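Visitor: Sequence:
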Amino acid sequence: MNNRLMPLVVLVGLAAIVAFWIGGTYNRLVALDQAVTAQWAQVENVYQRRADLIPNLVATVKGVANFEKSTYLAVAEARAKVGQVTATASPGVVNDPQAFAKFQSAQDGLTSALSRLLVVVERYPDLKANQNFLDLQAQLEGTENRIAVERMRFNETAQTFNTARQSFPTNFIAGMFGDQFKTKTYFQAQPGAQNAPKVQF
Numbered sequence: 002m003n004n005r006l007m008p009l010v011v012l013v014g015l016a017a018i019v020a021f022w023i024g025g026t027y028n029r030l031v032a033l034d035q036a037v038t039a040q041w042a043q044v045e046n047v048y049q050r051r052a053d054l055i056p057n058l059v060a061t062v063k064g065v066a067n068f069e070k071s072t073y074l075a076v077a078e079a080r081a082k083v084g085q086v087t088a089t090a091s092p093g094v095v096n097d098p099q100a101f102a103k104f105q106s107a108q109d110g111l112t113s114a115l116s117r118l119l120v121v122v123e124r125y126p127d128l129k130a131n132q133n134f135l136d137l138q139a140q141l142e143g144t145e146n147r148i149a150v151e152r153m154r155f156n157e158t159a160q161t162f163n164t165a166r167q168s169f170p171t172n173f174i175a176g177m178f179g180d181q182f183k184t185k186t187y188f189q190a191q192p193g194a195q196n197a198p199k200v201q202f
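All the letters of the sequence shown, read from the start, carry residue numbers 2 to 202 under my numbering.
The set of hints was computed from the structure by calculation and includes no laboratory data. All figures in this text were calculated on a predicted structure; none of them were measured in a lab. Backbone N, C-alpha and C define an ideal beta-carbon position, used for all residues, glycine too. Treat the hints with care, as some may be off.
[To be verified] Lysine-lysine pairs mimicking DSS-like chemistry, simulated, CA-CA at most 25 Å apart:
# : residue 1 : residue 2
1 : Lys82     : Lys103
2 : Lys129    : Lys63
3 : Lys129    : Lys103
[Claimed, not checked] The calculated label-pair distances, taken between Cβ atoms and stated as ranges, are:
#  : residue 1 : residue 2 : range
4  : Arg29     : Pro98     : 21 to 27 Å
5  : Pro126    : Lys103    : 35 to 41 Å
6  : Pro98     : Pro56     : 27 to 33 Å
7  : Phe178    : Glu123    : 30 to 36 Å
8  : Ala60     : Gln85     : 19 to 25 Å
9  : Glu142    : Thr87     : 19 to 25 Å
10 : Gly179    : Glu142    : 41 to 47 Å
11 : Asn146    : Ser106    : 17 to 23 Å
12 : Glu157    : Glu78     : 28 to 34 Å
13 : Gln189    : Gln132    : 34 to 40 Å
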């Protein structure tokens, strides 16, 4: 091989190595980003299950004489707010901290309204003995557990992405692609969750 061509061959070889490295890093970020998106879909799925249970729960509660109207109206209003936020949320909500916070706030509001409803139910023995209500309550409790699990899995998936995205030198490559690989937001505990709940019997 001609000695004058050697530097060119080395330069082309180095360029190929860098190109393969950038391509591999890009593909890894895409795979991690898609994992976050898939896990977000699971979170939305269990939230939708909860939203689907609420109309039947409210209808059952309404059927009990003298049940506090303001309580089930609060649940219905919180569910409506969740529906509005979900309908206007973009598919990239996981990349938009403000939209993510709005989504979480609406869901937390619904969780609080449901908790108040279930506390008030304790004062209505007829409702506590209603099999339809008991079935709905059990389904709702199961769904709340699923929500907690899926939110935890989402945070774990987001952490894996964020760790890779912010690691050196991957952060430089991610930066080359603008907003495509934004840092993901985590679910946070509801305000006041650090306080022990007050249990009343």
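Visitor: Could you run down the list of hints and mark each one as holding or not?
Guide: For each hint, the structure was consulted:
In summary, the hint linking Lys82 to Lys103 is supported, as the alpha carbons are separated by about 10 Å, within the 25 Å threshold. Between Lys129 and Lys63, the direct Cα distance comes to roughly 13 Å. Compliance with the 25 Å bound is thereby established for this hinted pair. With a C-alpha separation of about 34 Å, the suggested pairing of Lys129 with Lys103 is violated against the 25 Å cut-off. Range check, Arg29 to Pro98: about 23 Å between beta-carbon atoms, so the 21 to 27 Å window is met.
For Pro126 paired with Lys103, a C-beta distance near 39 Å keeps the hint of 35 to 41 Å intact. Between Pro98 and Pro56 the beta carbon distance is about 31 Å. The supplied range of 27 to 33 Å therefore holds. Range check, Phe178 to Glu123: Cβ separation about 54 Å, and the 30 to 36 Å hint is violated. At roughly 21 Å, the beta carbons of Ala60 and Gln85 sit within the given window of 19 to 25 Å.
The hinted range of 19 to 25 Å is satisfied by Glu142 and Thr87, whose Cβ atoms lie roughly 22 Å apart. Separation of Gly179 from Glu142 is about 43 Å and conforms to the stated range, judged on CB atoms against 41 to 47 Å. The given range of 17 to 23 Å is respected by Asn146 and Ser106, whose C-beta atoms sit roughly 21 Å from each other. The supplied range of 28 to 34 Å is met by Glu157 and Glu78, whose beta-carbon atoms lie about 33 Å from each other.
Taking 34 to 40 Å as the suggested C-beta distance range, the pair Gln189 and Gln132 conforms, at roughly 37 Å.
In summary, the numbered hints that this structure violates are 3 and 7.
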